[in-house]
Amino acid sequence: MSAGLAVHEVTVVSNEAAADGLMRVVLSAPALAAAIEPGQFVNVHVPGDASQILRIPLSFSCADAEAGTVEIVYAVVGDGTHRLAALEAGERTTAVGPCGNPWPAAPGARRACVVAGGVGVTPVVACARMLAAADVPFDAVVGAQTAARLWGADVLEGLGAGVVAVTTDDGTAGRAGFTTDALADLLAKRCYDVVYTCGPEVMMAGIARLCHEAGVRCLVSMERMMCCGFGACGTCNVAMVDGTYKSCCKDGPVFDAEEVAW
395 MSAGLAVHEV TVVSNEAAAD GLMRVVLSAP ALAAAIEPGQ FVNVHVPGDA SQILRIPLSF
455 SCADAEAGTV EIVYAVVGDG THRLAALEAG ERTTAVGPCG NPWPAAPGAR RACVVAGGVG
515 VTPVVACARM LAAADVPFDA VVGAQTAARL WGADVLEGLG AGVVAVTTDD GTAGRAGFTT
575 DALADLLAKR CYDVVYTCGP EVMMAGIARL CHEAGVRCLV SMERMMCCGF GACGTCNVAM
635 VDGTYKSCCK DGPVFDAEEV AW
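In the numbering used here, the protein residues as written are 395 to 656.
Calculated directly from the structure, the hints in this document are not laboratory data. Be aware that one or more of the hints could be misleading.
[What the hints assert, rightly or not] In silico EDC-like links for lysine to aspartate or glutamate, alpha-carbon gap of 16 angstroms or less: (1) Lys583 / Asp564; (2) Lys644 / Glu460; (3) Lys640 / Asp650; (4) Lys640 / Glu652; (5) Lys583 / Glu595.
[Unchecked claim] Between beta-carbon pairs, the in silico distance windows are: (6) Tyr639 / Pro594: 18 to 24 angstroms; (7) Glu482 / Val635: 45 to 51 angstroms; (8) Pro594 / Cys627: 19 to 25 angstroms; (9) Glu551 / Cys621: 32 to 38 angstroms; (10) Ala542 / Asp473: 20 to 26 angstroms; (11) Arg603 / Val557: 20 to 26 angstroms; (12) Asp529 / Thr405: 30 to 36 angstroms.
Since the structure is predicted, the reported quantities are computational estimates derived from the model, not experimental observations. The beta-carbon is built from N, C-alpha and C at its ideal position, and this holds for glycine as well.
Make the full structure from the sequences, and use the hints.
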């Protein structure tokens with residue numbers, strides 16, 4: 395196991411619906427909450443099925459060192475996350491972390507923009523907390539399939555985002571369309587030093603292309619099946635433009651978009 399990683403005993407504080415298909419779990423894990431940084435993730439053991447030996451890699455949206463808690467907003471999409479959604483307050487499990495590398499800070503940045511698609515909003519909210527704490531002005535774009543599946547726009551507004559542009563595929567909230575449409579509009583009107591993004595890979599590829607054309611640095615949080623979480627199993631490789639591969643869990647999950655072979 396890599397330096398800095400530890401197995402933490404965690405207790406469920408709450409585990410409630412955040413939106414349609416999304417849950418928000420708060421875990422009591424004082425040492426983890428004090429150590430984890432925005433952009434990193436945890437590998438959670440979900441009890442209930444002894445045949446499932448792999449942990450679930452999950453990004454976090456808020457770590458409160460004072461309260462000793464870590465908040466995770468996650469999509470309920472498979473057996474593991476369905477079992478996770480069934481955990482009740484007071485139940486205990488373990489989590490390995492902090493895993494991966496954090497979002498790079500933006501000291502001296504005049505303005506940043508964060509762009510989230512779907513459950514990619516989770517690490518993007520953590521990024522926005524980092525920017526707010528560093529007094530870096532930022533705008534936000536949040537995309538979802540439909541209004542019922544939208545989470546995080548109000549949180550980003552509360553964190554001080556100057557503009558919060560919401561997009562939905564069906565137009566039930568914000569504008570009909572994609573996050574790339576909203577970012578293109580913002581790039582035409584405002585100046586950014588850096589864009590942080592997480593969401594479906596096709597979306598991030600589009601965001602990366604827009605930033606490249608605008609000459610704006612773009613940082614992406616990649617998603618892969620990270621079976622071990624610390625670079626041992628080789629299942630989460632990300633292709634680089636130089637022809638090499640990097641481990642999403644160990645070298646990422648945050649990469650400079652210019653490095654990634656989209």
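We went through each hint and held it up to the structure:
The straight-line distance between the Cα atoms of Lys583 and Asp564 is roughly 25 angstroms, outside the 16 angstroms bound, and the hint therefore fails. For the proposed pair Lys644 and Glu460, the alpha carbon gap of about 27 angstroms is over 16 angstroms, so the pair is violated. Between Lys640 and Asp650, the direct Cα distance comes to roughly 12 angstroms. Compliance with the 16 angstroms bound is thereby established for this hinted pair. Straight-line distance between C-alpha atoms of Lys640 and Glu652 comes to about 14 angstroms, which keeps the hinted pair within the 16 angstroms bound.
Simply put, Lys583 and Glu595 have alpha-carbon atoms about 25 angstroms apart, too far for the 16 angstroms limit, and the pair is violated. Checked against the hint of 18 to 24 angstroms, the pair Tyr639 and Pro594 passes, with Cβ atoms roughly 21 angstroms apart. For Glu482 and Val635, the hinted distance range of 45 to 51 angstroms is satisfied, since their beta carbons lie about 46 angstroms from each other. Between Pro594 and Cys627 the Cβ separation comes to about 24 angstroms, which falls inside the hinted range of 19 to 25 angstroms.
Restraint check, Glu551 to Cys621: a C-beta distance of roughly 36 angstroms satisfies the suggested window 32 to 38 angstroms. About 23 angstroms separates the C-beta atoms of Ala542 and Asp473, a value consistent with the hinted range of 20 to 26 angstroms. Between Arg603 and Val557 the beta carbon distance is about 21 angstroms. The supplied range of 20 to 26 angstroms therefore holds. Restraint check, Asp529 to Thr405: a C-beta distance of roughly 34 angstroms satisfies the suggested window 30 to 36 angstroms.
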